[in-house]
Amino acid sequence: MMTLVSPPCPALVIQDLPNEILVHIFQLFRSRNTHLSCLLVCRRWHDLCVEHVWHRLSFSSLTGFLQMSEVLRPPYSNYVRRINLSLLGGELAGEEAIAKLSLCNRVEKVSFGGCKSIPSPLVTQLVQQWPNLLSIDLSELVLDNQCLLALSACCRQLQSLNISGSQNVEDEALLSFREHLGIKRLKCAGCLRLGDASVQMISSFRGLTELDLAQCGEVTDASVSQILEHCITLRELRLAACVRITDLSFARIHPDFNQLRILDLTSCSQITDATIGNLIQRCPRLRHLVLAKCVNLTDEAISHIAKLGKQLHNLVLGHCARITDKGVATLTRHCTRIRYLDLACCNQLTDASMYELGTLPKLRRVGLVKCASITDRGIYGFMCGIVACQSLERLHLSYCVQITVPGILRLLNITPQLTHITLTGIPAFLRADLQKFSRAPPKDFSITQLPMFCVFSGDGVRAIRDYIESLPIAARTTYHGDGPLSMRQLWELLNLRFE
1134 MMTLVSPPCP ALVIQDLPNE ILVHIFQLFR SRNTHLSCLL VCRRWHDLCV
1184 EHVWHRLSFS SLTGFLQMSE VLRPPYSNYV RRINLSLLGG ELAGEEAIAK
1234 LSLCNRVEKV SFGGCKSIPS PLVTQLVQQW PNLLSIDLSE LVLDNQCLLA
1284 LSACCRQLQS LNISGSQNVE DEALLSFREH LGIKRLKCAG CLRLGDASVQ
1334 MISSFRGLTE LDLAQCGEVT DASVSQILEH CITLRELRLA ACVRITDLSF
1384 ARIHPDFNQL RILDLTSCSQ ITDATIGNLI QRCPRLRHLV LAKCVNLTDE
1434 AISHIAKLGK QLHNLVLGHC ARITDKGVAT LTRHCTRIRY LDLACCNQLT
1484 DASMYELGTL PKLRRVGLVK CASITDRGIY GFMCGIVACQ SLERLHLSYC
1534 VQITVPGILR LLNITPQLTH ITLTGIPAFL RADLQKFSRA PPKDFSITQL
1584 PMFCVFSGDG VRAIRDYIES LPIAARTTYH GDGPLSMRQL WELLNLRFE
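Position one of the sequence shown corresponds to residue 1134 (the working numbering), numbered consecutively onward.
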């Protein structure tokens, strides 16, 4: 019987692939060096890959940026879609080089954040050449109204705008964006001259997902209530230091305002427990809640927050001095997935709260600065909740003046993930032999603050643990410093304001 044998299929070589497949392959490469190597293979590969090389311009050194500006010209400038100069920050110089970016007429995303040397007129000139712009970060630049008016007129597809720190921008400039209904992200933190007029206009952006009005001190209940009533797609809202906000802002939250995940109300000192109850009812999916310096909040507010249950991951309650152990117990028994909890300056907390914190299985960071009633018994109680000890990474205990060296040693031995611990101002650690393992203090510390600085991180945590273990038991509790604290140092220890 004759057997028919089919001829072998011709081998498929990469040059036989159509352009569309090659382009898709090039898109999968993440390394810029890989793209550069592909450019050198042949003319065809060069033409297909060159756009990926120029797609994103990002520089970590001024030299690299200046070298690029010397060769930036068509057709390469037409390939650029993203420009990021934020890593250069204050180092950025050379207006002529920056002006050449106007040749990139198809740019979609730009980040100039922190580049304070870029003048507002130059930004105005650039945005007029970028009609396809979707996102721009101008944070910390000294902008004027004319710059934003030009941006509004020329960039009709804008979806993301960051002008944080632009203190000269006024309502007139922001109102020019009233027809930009496609804006999804708007950050105006520190724009001190913005008031209710522009914020009420923002409430017309029904697709808004992120809004930052931190430190916009002129904003009042009249405009914030409009945001909460109409912008139901918001996932992130920051109102820190909007000091004129009261409970009235949160009285009419839209019933479907359930997409919110991040809320920052730092220093909104007029809000009360009632507002927290209304917020939690309308925003049941909050994961990150910042209520630092909301001084009127009590354990009742904590009972409302506890209703978030497993949704809550991060909670900041620093300076909420009316919170007690009862509130902490309620929180830990319901919100069992908390990862970060800041209770700094909650001076009514005692060792009982430490025991409750030890039961949180996913706890990574805890702030207990100036909780002066916490003692070694609290440390031991925290250790009883062995689950928290296994996950803890950062612990802030500065000015918890009753804690001793043996208590911290036992904690260090049972927290394998701990990489950062602050013990500033604790008398037991004001010892030269212990402080030599500490990080260097900040340069702006005063003469009286320097001797009290005691922060261990990275390898320093392991080093201080090993050193204390090497000491005789009696030496672990003996002061080895340069002498007793002066009266001025004691005053600093008790009254130093927590930043």
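FYI, nobody ran anything at the bench for these hints, they're computed from the structure.
Take these hints with a grain of salt, some might be off.
Unchecked claim - Listed below are the simulated DSSO-like cross-link pairs for lysine-lysine, each with C-alpha atoms no more than 27 Å apart in a straight line:
#1 Lys1440 / Lys1426
#2 Lys1459 / Lys1495
#3 Lys1233 / Lys1249
#4 Lys1426 / Lys1495
#5 Lys1576 / Lys1495
What the hints assert, rightly or not - Estimated spans, in silico, between C-beta atoms of each pair:
#6 Arg1289 / Leu1583: 24 to 30 Å
#7 Pro1494 / Ser1170: 44 to 50 Å
#8 Lys1440 / Tyr1209: 38 to 44 Å
#9 Ser1193 / Arg1239: 22 to 28 Å
#10 Val1520 / Met1201: 49 to 55 Å
#11 Leu1195 / Gln1300: 24 to 30 Å
#12 Pro1254 / Ile1580: 53 to 59 Å
Where is the CB? At the ideal position from N, CA and C, for every residue including glycine.
Each hint, compared with the structure:
With a C-alpha separation of about 22 Å, the suggested pairing of Lys1440 with Lys1426 holds against the 27 Å cut-off. A C-alpha spacing of about 21 Å is found between Lys1459 and Lys1495, which places the hinted pair at or below 27 Å, so the restraint holds. Annotation: proposed proximity of Lys1233 to Lys1249 holds, straight-line Cα distance about 18 Å (limit 27 Å). Between Lys1426 and Lys1495 the CA atoms are separated by roughly 25 Å; this keeps the pair inside 27 Å, and the hint holds.
Distance restraint check for Lys1576 and Lys1495: the Cα-Cα separation of roughly 34 Å exceeds the 27 Å cut-off, and the hinted pair is therefore not satisfied. The beta-carbon spacing between Arg1289 and Leu1583, approximately 55 Å, falls outside the hinted interval of 24 to 30 Å. Take Pro1494 and Ser1170: their Cβ atoms lie about 47 Å apart, and the range 44 to 50 Å holds. Between Lys1440 and Tyr1209 the beta carbon distance is about 56 Å. The supplied range of 38 to 44 Å is therefore violated.
In this structure the supplied range 22 to 28 Å holds for Ser1193 paired with Arg1239, their Cβ-Cβ distance being about 24 Å. Between Val1520 and Met1201 the Cβ separation comes to about 51 Å, which falls inside the hinted range of 49 to 55 Å. Between Leu1195 and Gln1300 the CB atoms are about 26 Å apart, so this pair conforms to the stated range of 24 to 30 Å. For the hinted restraint 53 to 59 Å between Pro1254 and Ile1580, the CB-CB distance of approximately 45 Å leaves it violated.
Checked against the numbered hints above, the structure breaks hints 5, 6, 8 and 12 and satisfies the rest.
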